[in-house]
Amino acid sequence: MTYIRSQFRHPGLPVNELGYTTKEYEGALSTLCAGCGHDSISGCIIQACFEMSVAPHRIAKLSGIGCSSKTPTYFLGNSHGFNSVHGRMPSVATGANMANRDLIYLGVSGDGDTASIGMGQFVHVIRRNLNMVYIVMNNGCYGLTKGQDSATADEGSKSKKGSVNPFQPIDLAGMALELGASFVAQSFSGDKEQLVPLIKAAIDHPGFAFINVISPCVTFNNNPGSTKAYDYVREHIEASATIDFVPAKTEITTKYADGTGTDIELHDGSHIHLEKLAAGINPYDRLAAMNALQNARNNHEILTGLLYIEPESTDLHHTIQSSDRALNSLGQEELCPGAEALAGINEGFR
Amino acid sequence: MRESKVNNFVVRFANVNGSGSASANYLFAKAVFRMGVPVTPKNIFPSNIQGLPTWYEVRVSEKGYLGRREGVDFMVCMNPQSMPDDVKSVKSGGYFLYDSTKRLHPELIRDDVNYIGVPLMEICNREYTDPRQRQLFKNVMYIGALSTLLGIEFEVLQQLLDDQFQGKEKLVAPNVKALKLGAQYILDNYPYPLEIHLKRRNLIGDKIMIDGNAACGLGAVYGGATVVAWYPITPSTSVVEAFEKYAKKMRIDKETGKKNFAIVQSEDELAAIGMVIGANWNGARSFTATSGPGLSLMNEFLGLAYFAEIPTVLIDVQRTGPSTGMPTRTQQSDITMAAYASHGDTKHILLFPATPKECFDMTAGSFDLAELLQTPVIIMSDLDLGMNDHLSPAFEWDDKRKYNRGKVLNAQQLEEIPHFGRYLDVDGDGIPYRTIPGTHPTKGSFFTRGTSRDEYAAYTEDGNVYARNMERLLKKWDTAKTKVPAPHLYQKENKSPYGLLFFGTSTYSAEEAIDIMAQESIALDAIRLKAFPFNKTVEDFINSHEKIFVIEQNRDAQMRSLLINELDANPQKLISVLNYDGLPITANTITTQISKNLAPAKSLIYHQ
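Protein sequence lines correspond, in order, to chains A and B. Per this note's numbering, the first sequence starts with residue 1, numbered consecutively. Per this note's numbering, the second sequence starts with residue 1, numbered consecutively.
Just so you know, not all the hints are guaranteed correct.
[Stated by the list, open to error] Taking lysine to any residue and the SDA-like style, the derived pairs with C-alpha atoms no more than 20 Å apart in a straight line are:
(1) B:Lys-245 with A:Glu-334
(2) B:Lys-258 with A:Thr-319
(3) B:Lys-249 with A:Arg-325
[What the hints assert, rightly or not] Here are the computed distance ranges between Cβ atoms for each label pair:
(4) A:Leu-287 with B:Tyr-466: 46 to 54 Å
(5) B:Gly-257 with A:Arg-127: 23 to 31 Å
(6) B:Phe-165 with A:Gln-321: 24 to 32 Å
(7) B:Gly-257 with A:Asp-102: 16 to 24 Å
(8) B:Asp-540 with A:His-318: 34 to 42 Å
(9) A:Asn-299 with B:Ser-47: 47 to 55 Å
(10) B:Asp-462 with A:His-267: 44 to 52 Å
(11) A:Gln-321 with B:Pro-119: 46 to 54 Å
If you are wondering where the hints come from, they were derived from the structure by calculation, not from laboratory data. The structure presented is a predicted model; accordingly, all values stated were derived computationally and were not measured. Where is the CB? At the ideal position from N, CA and C, for every residue including glycine.
Start from the sequences, fold in the hints, and give me the full structure.
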């Protein structure tokens, strides 16, 4: 948006457990349009990683192609990044994860990148429950090619040019639930209070964690009649609960009055605390989540928050029984069976 | 010249797909091998699981010619559906073995063919009650008949059955019984052995008999591959199956019982290559195996791997294209696509194995090559090599050999260097240094992308920077010429104005063709390509001959195009010798096409 950013940071900026300020989690200057929802999401990612004291080099950020997929350049500058091929980020993330299970994999995609060209890979990465965070920055349109409707645009939604979308939208969160995703959340780029803890919980989740973030396109889809415009989303949003993520090491304070809200204990002792749970929402109940999501859609509402979580999630490495150690750390002595074994194999072919 | 009839013939088995004939036919080929005689079996099978005709062709060659040969000396016909054609395919004076439980139709009788009727079904029905046994033992029984007719040592067959049924010893005796029933019927009813027959020799040495796909799978285990992603496609499927088989035996962590490898069956070939690229980017050695249609789908990703400089290993077991083509027939027709896969200016390293040993060596070595050059390496096998058993030199591994991971910086090196530029040509060979994610808390991270970037991996649309990078990639390509396997020259000095140029599975018949032409006093020099890009040796070979016959198994002379394109070779000099009917090329095809081009006969006698 703008081309100069001050290098100055307030000396009193808070530091995390690693001694880092948020500066260590920032990336290059964004080149997206001023006011783009995606930049807010980048900000939330920076904030979440800072608050969790994740070492930046222990994160690999991956994306496909599109406005959303550009964002990994704009956060976590000390992490390796991979801006891959349109719609194919899940496969690259899968390979990367298979190579080293010890890193955190943060995938960023868009509605075109996921719901159209990348639908095949999206579906299958869910099936495999790959241990990764998958964020869709969902604006209902193709920004880089100037505003065509995407597959998540609501039927009847009006584009900037005035044309009305005649097709049914693909509901990515609903689909993820249906496919058995072990963590499904929905949020809004303008709701940092909600999105930051969701990202933290997603990072902590040992499996596929999906967050569909409605992220208005200020340039091509922020007009009256669009159902992904800032005003529309603000008017139609309904949070399933207010959320807090409490890392394992933090003792749960008495901030939450006994009996209020729901406390979800995660695999490593961390907690997700849900306050003010909306009616019919039980984050352990996939069917209820699907119903709630569908009901909200029928009422032209956007249900946000943590929709479903499987606390006992096990990831792809567990399913295929691959080594507990990172495969990329194994040396030749462990990988190569050697000459003697080969002589035995030769003998079997005589 | 009259050809010897001993250890020099072709037996063809005509069966119905799914009838269990494969293991019986394999028994025959392996028995020839165990008798010390060179043998080459070819499975000619339909794209079908059950019911269509399938053939198994075994060439026995005392002289060690392992290419396919036209003409059937002995037909074992167990398929009524293909019988009329099978009768026709027998050479004059040849033999035709059939199940005489039913009489042959008079139209199937040829005066110049010797018919050997064995009432297989009748014997089976008498000896066995279970329908599946009746079917399976019928197959074993005709092998028994062949053992008498062609002089296969019975102990060899017995030993093979013992090997085959290790752990299931109960099955040995009934199989031996079936063999004996077949053998006995011949003893009682026909003269034996036939004029064409086997004699024990010692021509095999320590060679092994194995298919190229198993060799590739094993080579990947030895080469240190840990992440395998794939989508099933004929004829490449057994590459990954072999990898898994060997990895399960030799790559299990002793303490935890867990696998020191990960295999992901992907949703399609795009995902397979994406996973391979992701894994290699993250510091694991990773590969996929596919065939033409899969390679077509992988084009975009291959361009990314080329441009973003990510090591990638891909095994292409070629089949007959275009489109679905003939999925169970062989061809070398992915060459130009593989060489230039993806949009934009791209070139890829290709390796051309000709034997299972080379499949093993080139696959194991491809990981070094890919990491050294930080680019895709495509191993160009084919259905003939991949799915048929071949007589091959034994596999070798030097325990002193160390994996070469190429230019990868570790945390300490990152501390020591003044600055890190992912695409900086520090050494002048066009190959930059890379880092693996997670190496260092604050140094060495970079953004991998398919968009243009500068030497420090920062996005740029500056045309000069882009061009500079593309030129560096060319420099790297030149470096690659010195790193890929050198071609094999068949002579130290030229002895003919004419040269043969070939690669991959055309090698067997090409070598035979050289001998045949030599017998006709026509000398031919020869070179076998093992890799693309071509190095100076290839260029010199072309420049130092008047005519080059380029032998390949596709319609459009793809390798010839590559030679012209890359070496600026004079098209007039490069004469195509082509075979693209889906069956492996024969020496006869090669000599016929060459002779046509050499007429009117010039002085082609040996210079020395």
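Hints versus structure:
Under the criterion of a C-alpha separation no larger than 20 Å, the hint pairing Lys-245 of chain B with Glu-334 of chain A is consistent with the structure, at around 17 Å. In summary, the hint linking Lys-258 of chain B to Thr-319 of chain A is supported, as the alpha carbons are separated by about 11 Å, within the 20 Å threshold. The hinted pair formed by Lys-249 of chain B and Arg-325 of chain A meets the criterion: a straight-line CA distance of about 19 Å does not exceed 20 Å. A C-beta distance of roughly 53 Å is found between Leu-287 of chain A and Tyr-466 of chain B, which places it inside the suggested range of 46 to 54 Å.
For the hinted restraint 23 to 31 Å between Gly-257 of chain B and Arg-127 of chain A, the CB-CB distance of approximately 25 Å keeps it satisfied. Separated by about 30 Å at the C-beta atoms, Phe-165 of chain B and Gln-321 of chain A satisfy the suggested range of 24 to 32 Å. A hinted range of 16 to 24 Å for the beta carbons of Gly-257 of chain B and Asp-102 of chain A is consistent with their spacing of about 20 Å. Roughly 56 Å separates the CB atoms of Asp-540 of chain B and His-318 of chain A, a value that falls outside the hinted 34 to 42 Å.
For Asn-299 of chain A and Ser-47 of chain B, the hinted distance range of 47 to 55 Å is satisfied, since their beta carbons lie about 53 Å from each other. The supplied range of 44 to 52 Å is met by Asp-462 of chain B and His-267 of chain A, whose beta-carbon atoms lie about 48 Å from each other. The given range of 46 to 54 Å is respected by Gln-321 of chain A and Pro-119 of chain B, whose C-beta atoms sit roughly 53 Å from each other.
The structure does not agree with numbered hint 8 stated previously, though it agrees with all others.
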